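2 protein chains.
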Amino acid sequence: MNKYWSETIKGIAPYVPGEQPRVGRLVKLNTNENPYPPSPEVLNAMRAAVTDELRLYPDPNCSLLRETASRYYGIPAEQIFAGNGSDEILAFCFKAFFDSGDTILFPDITYNFYEVYARLFGVSYRTVPLTESFDVPVEGFYTCNDGVILANPNAPTGKVISLKNLEALVKHNRQAVVIIDEAYIDFGGESAIGLIPKYDNLLVIRTFSKSRSLAGLRIGLALGHRGLIEALIRVRDCINCFTVDWIAQAGAIASLEDTETFTRNIQKVIATRDRITALLRQAGFRVVDSSTNFLLISHLKVKADALNEALRRQNIFVRLFPKPRIDNYLRVTIGTDEEMDILYQALLELVRETRETQVTLSNIEPSAKPKDGSRDM
Amino acid sequence: MNKYWSETIKGIAPYVPGEQPRVGRLVKLNTNENPYPPSPEVLNAMRAAVTDELRLYPDPNCSLLRETASRYYGIPAEQIFAGNGSDEILAFCFKAFFDSGDTILFPDITYNFYEVYARLFGVSYRTVPLTESFDVPVEGFYTCNDGVILANPNAPTGKVISLKNLEALVKHNRQAVVIIDEAYIDFGGESAIGLIPKYDNLLVIRTFSKSRSLAGLRIGLALGHRGLIEALIRVRDCINCFTVDWIAQAGAIASLEDTETFTRNIQKVIATRDRITALLRQAGFRVVDSSTNFLLISHLKVKADALNEALRRQNIFVRLFPKPRIDNYLRVTIGTDEEMDILYQALLELVRETRETQVTLSNIEPSAKPKDGSRDM
Numbered sequence: 001m002n003k004y005w006s007e008t009i010k011g012i013a014p015y016v017p018g019e020q021p022r023v024g025r026l027v028k029l030n031t032n033e034n035p036y037p038p039s040p041e042v043l044n045a046m047r048a049a050v051t052d053e054l055r056l057y058p059d060p061n062c063s064l065l066r067e068t069a070s071r072y073y074g075i076p077a078e079q080i081f082a083g084n085g086s087d088e089i090l091a092f093c094f095k096a097f098f099d100s101g102d103t104i105l106f107p108d109i110t111y112n113f114y115e116v117y118a119r120l121f122g123v124s125y126r127t128v129p130l131t132e133s134f135d136v137p138v139e140g141f142y143t144c145n146d147g148v149i150l151a152n153p154n155a156p157t158g159k160v161i162s163l164k165n166l167e168a169l170v171k172h173n174r175q176a177v178v179i180i181d182e183a184y185i186d187f188g189g190e191s192a193i194g195l196i197p198k199y200d201n202l203l204v205i206r207t208f209s210k211s212r213s214l215a216g217l218r219i220g221l222a223l224g225h226r227g228l229i230e231a232l233i234r235v236r237d238c239i240n241c242f243t244v245d246w247i248a249q250a251g252a253i254a255s256l257e258d259t260e261t262f263t264r265n266i267q268k269v270i271a272t273r274d275r276i277t278a279l280l281r282q283a284g285f286r287v288v289d290s291s292t293n294f295l296l297i298s299h300l301k302v303k304a305d306a307l308n309e310a311l312r313r314q315n316i317f318v319r320l321f322p323k324p325r326i327d328n329y330l331r332v333t334i335g336t337d338e339e340m341d342i343l344y345q346a347l348l349e350l351v352r353e354t355r356e357t358q359v360t361l362s363n364i365e366p367s368a369k370p371k372d373g374s375r376d377m
Numbered sequence: 001m002n003k004y005w006s007e008t009i010k011g012i013a014p015y016v017p018g019e020q021p022r023v024g025r026l027v028k029l030n031t032n033e034n035p036y037p038p039s040p041e042v043l044n045a046m047r048a049a050v051t052d053e054l055r056l057y058p059d060p061n062c063s064l065l066r067e068t069a070s071r072y073y074g075i076p077a078e079q080i081f082a083g084n085g086s087d088e089i090l091a092f093c094f095k096a097f098f099d100s101g102d103t104i105l106f107p108d109i110t111y112n113f114y115e116v117y118a119r120l121f122g123v124s125y126r127t128v129p130l131t132e133s134f135d136v137p138v139e140g141f142y143t144c145n146d147g148v149i150l151a152n153p154n155a156p157t158g159k160v161i162s163l164k165n166l167e168a169l170v171k172h173n174r175q176a177v178v179i180i181d182e183a184y185i186d187f188g189g190e191s192a193i194g195l196i197p198k199y200d201n202l203l204v205i206r207t208f209s210k211s212r213s214l215a216g217l218r219i220g221l222a223l224g225h226r227g228l229i230e231a232l233i234r235v236r237d238c239i240n241c242f243t244v245d246w247i248a249q250a251g252a253i254a255s256l257e258d259t260e261t262f263t264r265n266i267q268k269v270i271a272t273r274d275r276i277t278a279l280l281r282q283a284g285f286r287v288v289d290s291s292t293n294f295l296l297i298s299h300l301k302v303k304a305d306a307l308n309e310a311l312r313r314q315n316i317f318v319r320l321f322p323k324p325r326i327d328n329y330l331r332v333t334i335g336t337d338e339e340m341d342i343l344y345q346a347l348l349e350l351v352r353e354t355r356e357t358q359v360t361l362s363n364i365e366p367s368a369k370p371k372d373g374s375r376d377m
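Note that the protein sequences, when read in sequence, are chains A and B. Anchor point for the first sequence: position 79 equals 79 in the numbering used here, and the numbering is continuous, going up by one each time. Anchor point for the second sequence: position 160 equals 160 in the numbering used here, and the numbering is continuous, going up by one each time.
Calculated from the structure, these hints are not laboratory results. Keep in mind that this is a model prediction, so the values were computed, not measured.
For identical chains, the list gives no copy identity; a pair is met inside one copy or between any two copies.
Within a straight-line C-alpha distance of at most 25 Å, the following computed BS3-like cross-link-like pairs (lysine-lysine) qualify:
no., residue 1, residue 2
1, 3, 171
2, 28, 303
3, 3, 198
My request is simple: use the sequences and hints to build the entire structure.
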């Protein structure tokens, strides 16, 4: 703390991203990055964009990128906004659509950043509890509010909302903007982009960091009614007119144009996810149904923080969320098959070891026995 | 306007950046870009950063970049913050150091974005008028306030504040953060970075867009006391943890390491600036003393908007600011010698033509004669 800090900053807990450890050999399954590299076409386009022209400001409107996205998504370019990652766009949404005093809704378990944005920009919020099975109860969002934010599929649960339910939610909230954060939609579920022509209160956010293997490049899109896009442009032009650099624009365009690599990588991730889900369930793990590139898992006997610590010692990084209801779960990114096999073997070993230790411990000191892992569900 | 817009966004006039025209051959002297390309070392470093690793999030803390900047500026890395251009960092400053209800000070004529930030974030401001000769009257900033922002050299005047005066200003404002935006300092004037060890309320902002020929890459730095830097980190982590992509980090590092190209390009710009200043003054232009890579010029007889229009018709882009006191000036970026010669010849021709037209007109209709160009000074 420092005497020069604003009151807002003194009182806020910023978002804590997953670690970006810099050790040599590790199995990094903690920040939902794609295990497969970007398409060679994307890398070529970026190299080609490294020219003397970098002395000039980039196109602030990302026109070529928006035109390419327009062809890809079948939405007019004027209804598309490009930003420096989807997080930046989500932050802009708070200034664009909500005032301090407004109350917005999001689930009790979702992307932590929504709460951080609300606190930073002084917007009130109410959380709607997920069901016991971690589903989003859409009817819970039919109440009076000034805005709704949903991740679909949700994070860190991985569960998807059906398009029918989502449309019902958008319809019941015509007074307010409904923001659907589709960071993981390419791995499962049906996009709400198809609903955009019908609803002027629907904004869909996309990122190139997950399904497009471009976390290191920082590209996000927003798609929605022209009025909503204009509000985002106004916010951007009150903060930083040139958020997306020349090279990122070039890489993003090439990514949208190479559908083959994109589709193949997604199929590989999905196949790995489904295989590992089955294996972990056989090994006594509860695995939440995932439509994403990660799994939320919990062991019936061994606590998540113990597993997390033990995995770290083996240089396997997964993520733990110290939040009610999910603090006994690990969120595990889907890596390559090899990485997932290393994780799976390590987990098998740990739950076996711990079972043995427990047996020993319980003979000596019964109170040291860990609580049932499923306490929160 | 749209019913879903926030009240803030409904009422605000965003910053209007200089045009990025996409016509073929033009003389682009409107956004203070560097006429010389980035160093080949910088381009090589960026190409080398285009790898499969782009699938991973970038280092959110830009550690290597900050360490390089630390060696370059002689300030510990913990006292340096990197962002997606200096505009982003300036916007972060408003959330980091000011609350709504606070009142900050900046000059009446300065970078327009300061006012836009203040309005966006609900921070009050008072402007301190520049002197008749467009100097910053530092004593005007000794009054009660919650923050000061100064561009040094100032834009769009180009005039510099001496380090002695700046230090006096920082000393008289120990209750508040003093932000010095040194976007143009490499072209003239003495940096306030040397004062950082003495004052914990001083924050210096730098950009790679002007002197480093990297406007298209989006890199800015802030240097100051560790407490100020921590506040900026908190704001960033409440908005977008990964603001600077891998390639931009690589390019920025290489730029700091190639001092030779950097110094040579700056010397060329300064030489051109001084040559053109002398020529324009001979031709009847008022040219404000510039310590930057642009000139603020006004003709004693011909109005700036007429000159601006006529130049545009010749595909020469300069910038006009529709603001009191400077609305009869053109801001002209220093381009290559060839570009400046084209501009100079065009201006010569225009003031000669207009003089002839005026003479004719004044014979017929005296009231059509333009007012004296220097009305605001």
